[in-house]
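Line order of the protein sequences matches chains A, B, C and D.
My numbering puts the first residue of the first sequence at -16, with every later residue one more than the last.
My numbering puts the first residue of the second sequence at -16, with every later residue one more than the last.
My numbering puts the first residue of the third sequence at -16, with every later residue one more than the last.
My numbering puts the first residue of the fourth sequence at -16, with every later residue one more than the last.
Please keep in mind that the hints were generated in silico from the structure rather than gathered at the bench.
There may be inaccurate statements among the hints.
[Stated by the list, open to error] Just the calculated beta-carbon pair ranges, DEER-fashion:
id, chain 1, residue 1, chain 2, residue 2, range
1, A, G135, B, P157, 45 to 51 Å
2, B, V276, A, E37, 33 to 39 Å
3, B, S331, D, N50, 47 to 53 Å
4, B, D205, C, A264, 49 to 55 Å
Cβ coordinates follow ideal geometry from the N, Cα and C atoms, glycine included.
Number of protein chains: 4
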Amino acid sequence: MAYVERNTETTSPVRLALIGSGWIGAFHAESAAARIGGTRLEAIADPALGPATELADRLGVAKVTANPADLFVDPDVDGVIIAAPARFHSSLIAAAAAAGKHVFCEKPAARTLEELDDALAAVEEAGVELQIGFNRRFAADFAAAKRTIDAGSVGEPRLLRSLTRDPNTTDAIPNADRTPQWTIFLETLIHDFDTLNWFNQGAVPEQVHVMADALVEPSLKDAGYLDTAVVTIRYSNGAIAVAEANFSALYGYDVRGEVFGSAGMVQAGSLHKTSATSYTAHGFSGETPRLNVELFHDAYTAEIAHFAEVIRSRRDGTPAPELVAPGGADARAALALALACIKSVDTSAPVNLADVLPAAVQASALPADAR
Amino acid sequence: MAYVERNTETTSPVRLALIGSGWIGAFHAESAAARIGGTRLEAIADPALGPATELADRLGVAKVTANPADLFVDPDVDGVIIAAPARFHSSLIAAAAAAGKHVFCEKPAARTLEELDDALAAVEEAGVELQIGFNRRFAADFAAAKRTIDAGSVGEPRLLRSLTRDPNTTDAIPNADRTPQWTIFLETLIHDFDTLNWFNQGAVPEQVHVMADALVEPSLKDAGYLDTAVVTIRYSNGAIAVAEANFSALYGYDVRGEVFGSAGMVQAGSLHKTSATSYTAHGFSGETPRLNVELFHDAYTAEIAHFAEVIRSRRDGTPAPELVAPGGADARAALALALACIKSVDTSAPVNLADVLPAAVQASALPADAR
Amino acid sequence: MAYVERNTETTSPVRLALIGSGWIGAFHAESAAARIGGTRLEAIADPALGPATELADRLGVAKVTANPADLFVDPDVDGVIIAAPARFHSSLIAAAAAAGKHVFCEKPAARTLEELDDALAAVEEAGVELQIGFNRRFAADFAAAKRTIDAGSVGEPRLLRSLTRDPNTTDAIPNADRTPQWTIFLETLIHDFDTLNWFNQGAVPEQVHVMADALVEPSLKDAGYLDTAVVTIRYSNGAIAVAEANFSALYGYDVRGEVFGSAGMVQAGSLHKTSATSYTAHGFSGETPRLNVELFHDAYTAEIAHFAEVIRSRRDGTPAPELVAPGGADARAALALALACIKSVDTSAPVNLADVLPAAVQASALPADAR
Amino acid sequence: MAYVERNTETTSPVRLALIGSGWIGAFHAESAAARIGGTRLEAIADPALGPATELADRLGVAKVTANPADLFVDPDVDGVIIAAPARFHSSLIAAAAAAGKHVFCEKPAARTLEELDDALAAVEEAGVELQIGFNRRFAADFAAAKRTIDAGSVGEPRLLRSLTRDPNTTDAIPNADRTPQWTIFLETLIHDFDTLNWFNQGAVPEQVHVMADALVEPSLKDAGYLDTAVVTIRYSNGAIAVAEANFSALYGYDVRGEVFGSAGMVQAGSLHKTSATSYTAHGFSGETPRLNVELFHDAYTAEIAHFAEVIRSRRDGTPAPELVAPGGADARAALALALACIKSVDTSAPVNLADVLPAAVQASALPADAR
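So here's chain A without its partners, still in its complex pose (with noise of 0.2 Å):
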């Protein structure tokens, strides 16, 4: 053979593991082992060990364990991906920090300020990075709407829209009886706060009010689920938002935002799953986005690449992205959001920021490069 051989050793690959194999912790395995250049899939950690199993068969990844601990130790980790339940999020922030791990969180990073100023303590102590899963950001038509937003085109934002329904196929919702109290606003609507704080950047909200409701599964209204919710919230610059969430569309995955300011309007998001359209004697008609993963395919990958690239600058040097990924300081503006909208439903008020989070200097507030 007539090869110029290479020696490839120096250009090694950024390793991820991930911590909880779930839906979401599937795709990101996956994007780590196999949709993004220069990542390797290095173990997979789950108690649940035969679901770990088949991910990591399927991946060709080597080591799995029941115990998140075990990847913390793991020299041939450089960072992880925590897609466990939401109730651990904040104390695995913690440890792999504290184990000088990069992380990638899903979404909520916490489910009580105190619980996550403790994780953000640990990351700073650390000096690790911390990325919140807000994919959304990687999205390429809210991306463009935030640019759109940037360079002044909206001009003052006014009145913002942030929305969520999640796809379903039948008008019940699977396992409602055992979905936690405040899932709408501590995992879905969370996504549409952080957006609006994101798009409306500069500003904190102030006051928060909400309409909720079981309109789906009307009978555990009584055991405090809600699934549907219009949530305003008045930001520090006048603005006035709505996010508005619901866990039955039956028509698909509905992920929308909105921007009006003194000098016009953006839109981003779309209900068409391709742009081939059909008309018959019936009219027109096309399909509409099903899945999360689908929906949002290059979002998430796009994050996990950020994360990885991220990893990478700081590792070996290269450069770091020009895009600030959503951190610690978001996640703790999106969580008070959420969990003055708790408030807000507990006494049937409107809700001041400033009761839920006293003393709290809030992100977005901050420019981008003091964060």
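Start from chain A and add chains B, C and D according to the hints.
Quick look at chains B, C and D alone, frame taken from chain A:
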């Protein structure tokens, strides 16, 4: 450590090698090396060793050569991706096939039917796979349109349209004077010809008429250069198709398809880069797609993933993908149309396919499982 | 001449008279005089005789008066179109009705429930028609959405949205300091309230919460002026609605509606002035609608045509139109929402409709044929 | 009464008379009688007195005749609207003009260039107005596209497309066997020819090639019947245009235009009946336009309003409308294309316009103010 160590040796990647490290070759290389699970880019061949080596280093590929023949004798190569200049395609197909390598070849597979038939004979003799880079078949919107047609929503096709307008940044075509004379038919419209044949599956083209011109670069017209063309095609089922191309769309990359029939119509292709739309004092506005690797990012990736999946199914006995990729017969059908176009330009008259392709049985007339 | 002469005296036009020759009054006058078959503009009343006379001359109307009472005693007037300032609406309705004239009145029909109820009593006593200028019900897209809802495609409504953003040319509101304090609720959002009540027919609003501000003209905020408002409404069927308004959309006139329910969603409203779209080096672009009489040209015309058709059916015994136009009960339901909004602003708290409208039976809860 | 009585006699309406009370004639009659300010439908002529009388009664028109000549001698007729069958158009134009009546004539103005030239000579001799019913020029989206072209956003046109697909309810064409042989060119595509000439103003068609067939009604093909056609046109500026027609679109009435040039592209035409869109478990959907008088309701009305405005400007000295309506030269240019198409079908070859129109100076090559 408490890892359950898995043996990952059984999941051997599909090993691909690249011939031609130009624009689209580099993209395919990245797909094989980094965007697709279960594949490995084993080697790169390009007489221009500089770019090839740079690409190899970037992707961590150890083997680089100026001579494609090195790939053919490498036992660690399962399949080759031919992205060399068009004039080398057919002989490379033949050589790769003779060496027992599966072949993915960019369009056109050949410049004459004679050289194509030689290559196809080698492929058939060797029993290897041949997939042609008609990437639109792997684009989500074109594939959705095809499913709509196959489902009968359009009825019997009667009018079809496929167009390609290549993006440009100024109203002048770089290197137009070095562009081979019939490029607009052999390299550009050949995509549209395949799309039309595919959309009108079961029928064969019978007659072609061309109006073409050098409108962007009129000074080159006398040399036979063409940058603008409208082709009308009459099919055996009566359907009339229009294929249209131009080399200088200042608004970006414009690829669309439309099939109208006895029951309805379907359209594919979009000029919106994302769903983000702005609204200002000047009206509404948004971005248009600019590059082929942007508009068809997923389609280019999917076609290589498909090629790898077919190789794996043959090598490892895994299930073959359901979708049938475009192969030699499709390359032949599209090439025949391009050659008929050339004759129509030369004679300024309609041309019967029978006069270009006397004894041929055209591909699209055959049932898909016969190909 | 060989004409077959027809006796055309039997086809007597419906004779309408206008009160208030301002912007929208003039448009209605043109509709009655020139855009609709079978109607005649008999007279115009306006204390500003100058503009009234000019309009009359332009439209060939012989009778002009400064005093609306002249219209009420004119036996050649079948119905009146009230387009005077809002503070005169209810007394004009009452006087016209008492004189036996059918009444079309621009919104709002009144500024308080008390004065509205007096007017409605006069209408009922006289047995005349009362149609309210909720023109969106006559817009093709809103009407199509309503048919979709009525057909059950949306299922049970759960989340609704209606918005109005008035067009502007600079980011300052002309005559803002002379705008009555609660205009955003009584004159702008009242359209959205009617749309929401109509889309969610069969349910009644139970609770309202408002966030509002003077963001375009902050210097007027202390005087109670509001130019931006977000209203959330909880309906008796659990549905939660958002009504949103702003007085300064630099991109034009933005009116949209959306209903999401147990089976799907429907949207109405468009920001494309025509279907024409341009594509240039800057991306795609097109015009947005600028004026209410542009966006709702056909709807404004259709509502007057409907009014005339109802009059004819009562006068001549011709068939009544199938569609039921918005009437007194709808005016009352929308007004109650506006009044609840004012109370919510005053108290900075959610307001129960029951506290604004204690003994009321709201219109939209009744079956359509009971109104 | 205290009315200020105005003398309205000075504002005399423009008096129009209709010839031919069929589908589109009846629509124009309604426009003249009821949709447009300042016009009056004075008389109706139709050999079928029954429908003419019914229409007259409905619109309150006193004069009905079987003989168009009665209109020409009626001093109370300012202009005539010719909506008779196409074979009578040119002689009616000539007769009306000779009588000093202004003429609005539905397309085609004639079936041969000879009879057209006779009619145009009569028009010129009489000095009356002649407006042709190329209604697309008055459609808001096509007019917006034209303004975009005139503003230079498209640059020099290079590729154009215009299509007409007539709506249908079953895949069979009513009365196909009684349709004149060349209807698809003379009555349908003639609209597209005018649109293309208008969009490509300043250039003239030089060559035409046709592929056409009877695909909906194949049994009539031997009789020369055609229901499907694709026409390619080469213009003097190099631009290549495609005009396409079919008589059986089950999804409704489909009329679109597209101009691509050195600087960009513009598109007009829409298949959305309204902006309302539904989203259900089956995807997104909405209504398509069904009838010409639905899609072009405003355009049909506007062209008659324009005709009346021109008459008024000539009769009363009011300012003429800015827009130049399509006239005799445009009719001639479009007809020449239709005749060239017929020759191309007959010869199965491309046809030079020079061979159809030897000594002609074509209209669209002239500056607009020379017409």
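Q: Against the structure, test the hints numbered earlier, and report the numbers of the ones violated in rising order.
A: As far as the earlier hints go, 1, 4 are violated by this structure, in ascending order.
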